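Colleague: Residues per chain, in single letters:
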Amino acid sequence: MTGQATEDPRLAERAIEYVYRQGWTDGLPTVPATRERTDEFLATTSRPADEVIGRLDHLKREVTVELAAINSVMAGCLPDYFPVVLAAWDALMLERSTMGGGWQSTSGPAPLLVVNGPVRRRLGFNSTGGVFGPGFRPNATVARAIGLIVRNGLGVVPHVFEQATQGVPGRWAMCIAENEEESPWEPLSVDGGVTAGVDAVSTTLLRTSEYVDNRHTGDPEKLLADFADTLSRSGSLIFRNAGAGVVFCPEHAQMLANAGMSKDDVRTWLVERCGRTKADLARVGKNGITENGVRYERGDGESEGFDPMFAADSPQNLPIVVAGARNAGMSMVVRLFSNWSGISARVEP
Amino acid sequence: MFDRILDPTGLSVRPAGAASDARRLPSLAGARVGLLDNTKQNAALLLAEIGELMASRYGAVVTIRRTKEMFALPVDEPLLSEMKAACDVVVVGVGDCGSCSASAVADGITFEREGIPAAVICSDAFAVTARAMAEVHGDADFDFLMTPHPVAVLNPEQVAVRAGELLDVVVARVSEEGR
Numbered sequence: 025m026t027g028q029a030t031e032d033p034r035l036a037e038r039a040i041e042y043v044y045r046q047g048w049t050d051g052l053p054t055v056p057a058t059r060e061r062t063d064e065f066l067a068t069t070s071r072p073a074d075e076v077i078g079r080l081d082h083l084k085r086e087v088t089v090e091l092a093a094i095n096s097v098m099a100g101c102l103p104d105y106f107p108v109v110l111a112a113w114d115a116l117m118l119e120r121s122t123m124g125g126g127w128q129s130t131s132g133p134a135p136l137l138v139v140n141g142p143v144r145r146r147l148g149f150n151s152t153g154g155v156f157g158p159g160f161r162p163n164a165t166v167a168r169a170i171g172l173i174v175r176n177g178l179g180v181v182p183h184v185f186e187q188a189t190q191g192v193p194g195r196w197a198m199c200i201a202e203n204e205e206e207s208p209w210e211p212l213s214v215d216g217g218v219t220a221g222v223d224a225v226s227t228t229l230l231r232t233s234e235y236v237d238n239r240h241t242g243d244p245e246k247l248l249a250d251f252a253d254t255l256s257r258s259g260s261l262i263f264r265n266a267g268a269g270v271v272f273c274p275e276h277a278q279m280l281a282n283a284g285m286s287k288d289d290v291r292t293w294l295v296e297r298c299g300r301t302k303a304d305l306a307r308v309g310k311n312g313i314t315e316n317g318v319r320y321e322r323g324d325g326e327s328e329g330f331d332p333m334f335a336a337d338s339p340q341n342l343p344i345v346v347a348g349a350r351n352a353g354m355s356m357v358v359r360l361f362s363n364w365s366g367i368s369a370r371v372e373p
Numbered sequence: 081m082f083d084r085i086l087d088p089t090g091l092s093v094r095p096a097g098a099a100s101d102a103r104r105l106p107s108l109a110g111a112r113v114g115l116l117d118n119t120k121q122n123a124a125l126l127l128a129e130i131g132e133l134m135a136s137r138y139g140a141v142v143t144i145r146r147t148k149e150m151f152a153l154p155v156d157e158p159l160l161s162e163m164k165a166a167c168d169v170v171v172v173g174v175g176d177c178g179s180c181s182a183s184a185v186a187d188g189i190t191f192e193r194e195g196i197p198a199a200v201i202c203s204d205a206f207a208v209t210a211r212a213m214a215e216v217h218g219d220a221d222f223d224f225l226m227t228p229h230p231v232a233v234l235n236p237e238q239v240a241v242r243a244g245e246l247l248d249v250v251v252a253r254v255s256e257e258g259r
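Note that the protein sequences, when read in sequence, are chains P and H.
For the first sequence, our numbering begins at 25 and goes up steadily by one.
For the second sequence, our numbering begins at 81 and goes up steadily by one.
If you're looking for bench data, these hints aren't it; they were derived computationally from the structure.
As the structure is a computational prediction, the values presented were derived from the model and not from experiment.
Backbone N, C-alpha and C define an ideal beta-carbon position, used for all residues, glycine too.
Any given hint could be a false lead.
So the derived list for chain P, only partly shown, Cβ under 8 Å to chain H, looks like this [unchecked claim]: (1) 48; (2) 51; (3) 55; (4) 56; (5) 57; (6) 59; (7) 68; (8) 82; (9) 125; (10) 130; (11) 184.
If you anchor each label on the Cβ, the simulated ranges turn out as follows [unchecked claim]: (12) P/34 / H/159: 54 to 64 Å; (13) H/204 / P/60: 30 to 40 Å; (14) H/245 / P/60: 55 to 65 Å; (15) H/228 / P/262: 20 to 30 Å.
Can you build the whole structure from these sequences, using the hints too?
Modeller: The structure is reproduced here in structure tokens:
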């Protein structure tokens, strides 16, 4: 270590400031990407550096494996994380909105990444307490890498092509590992078509997340009714239907499973009950629905009836994940920007 | 001294600027007007009102009205061809969201390059992203038209007022009349 002691740490400051001046950061310091470091990342994948893995033709931009590697270096990833970043990116590109105008949207959607399989332990992803972060390098930097790729690779920079009105808390910071060890159900990746026990990333864009704290009842139907109330919030109904997921804490998931409910049973229970009456919707000016499925204020609309929240009873409309610590009954409802693709991407070398 | 730090953008060259203006029509009398709305709330109504005023005050004829299937993305080739064949000038709008304001500008530039004068209407809240899109599409100075934000929550009477306010600039954008 004697050789390193002679290096001037102020060089690092100057390099970090250089990256800021180029407009390449998300506001936090980055690790300046050198050729050598980037090559270490590229060595973790069999995919060619010049493979195009994403594009926005209308912005005349494309992302290659190499650009993804450079941005992953900058995000603070370790080289071994890079296959996870690539899988997350592949899964993201399967989403309906990510190849269109989703990144430019005034709603400022944010990807939620969910990691399944042994890679969680191998790389040290947090799946338990404080799973939404911060504090764990793989969770924090993989999510951030995706954000830097969107900013730098796709050119969607805030106030220019990124037109978020307020954005979403936790944007570029939501990478959770599923708590498979304490989940009573199959992992999300199985819903995404990947065999249990295989490393995979699933992702969809969120508009926000909001907690359901219920340490009050041992009755599974009362517990689910509490979720149904939060899920059915009218503010999220801008179209005919809205998608939402639930990240159950282990305690809630286990209570439901102990009552004999599978993940599909839970979803069906919620899909059947979530929604708002036409009278509720009239009160907030969202009782009409155009041919294109957009809600509007309809003066002469019917006041009887009930609009269901979910378009269909499927994991695409209502994905269910289990994550967090087993220390309290508090879970998270996550609001989907559209629907989940329903396809998980394998993490492969 | 930092030339060994890699560029994460992949942008080796910026798109070169080239103006795209089509020739303005000398007069709107008898001119065929195309309206391209992007599904945003009040877009179709605003364009319809403008079209009616172009007809009643300048003798133009609205010959084609189309709605974009993907408001976030630039106009596709079949729709472009169809509109090119059916109109002499086009009115595009309303750029009233993050992606659709940018794509409306891209549409305007595309029409102009095809020889069709285009009036693109954007909400003034999206001026920066609309201008950035003009740069990406190689016409940094592309002249889009702005109307005060918001548009989506206006009632029909207010939309008609907006149309009246925009008429002169739309006409001047696509023809020599009123210039």
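Colleague: Confirm or reject each hint.
Modeller: Tested hints:
1. 48: 5 Å, holds
2. 51: Because about 15 Å separates residue 51 of chain P from the closest Cβ in chain H, which is outside the 8 Å limit, the hint is violated.
3. 55: Constraint on residue 55 of chain P not satisfied, violated at 10 Å.
4. 56: For residue 56 of chain P, the interface hint holds, since the closest Cβ of chain H sits about 4 Å away, which is under 8 Å.
5. 57: 4 Å, holds
6. 59: Since chain H brings a Cβ to about 7 Å from residue 59 of chain P, closer than 8 Å, the hint holds.
7. 68: Nearest chain H Cβ about 17 Å off; hint violated.
8. 82: 5 Å, holds
9. 125: At about 2 Å, which falls below the 8 Å cut-off, the nearest Cβ of chain H leaves the hint on residue 125 of chain P intact, so it holds.
10. 130: Check passed: Cβ of residue 130 of chain P comes within 5 Å of chain H, closer than 8 Å.
11. 184: 5 Å, holds
12. P/34 / H/159: 54 to 64 Å: Taking Cβ atoms as reference, residue 34 of chain P and residue 159 of chain H lie about 57 Å apart, which means the hint holds.
13. H/204 / P/60: 30 to 40 Å: About 48 Å separates the Cβ atoms of residue 204 of chain H and residue 60 of chain P, which means 30 to 40 Å is violated.
14. H/245 / P/60: 55 to 65 Å: Holds - the Cβ-Cβ distance for residue 245 of chain H and residue 60 of chain P, about 60 Å, lies within 55 to 65 Å.
15. H/228 / P/262: 20 to 30 Å: 23 Å, holds
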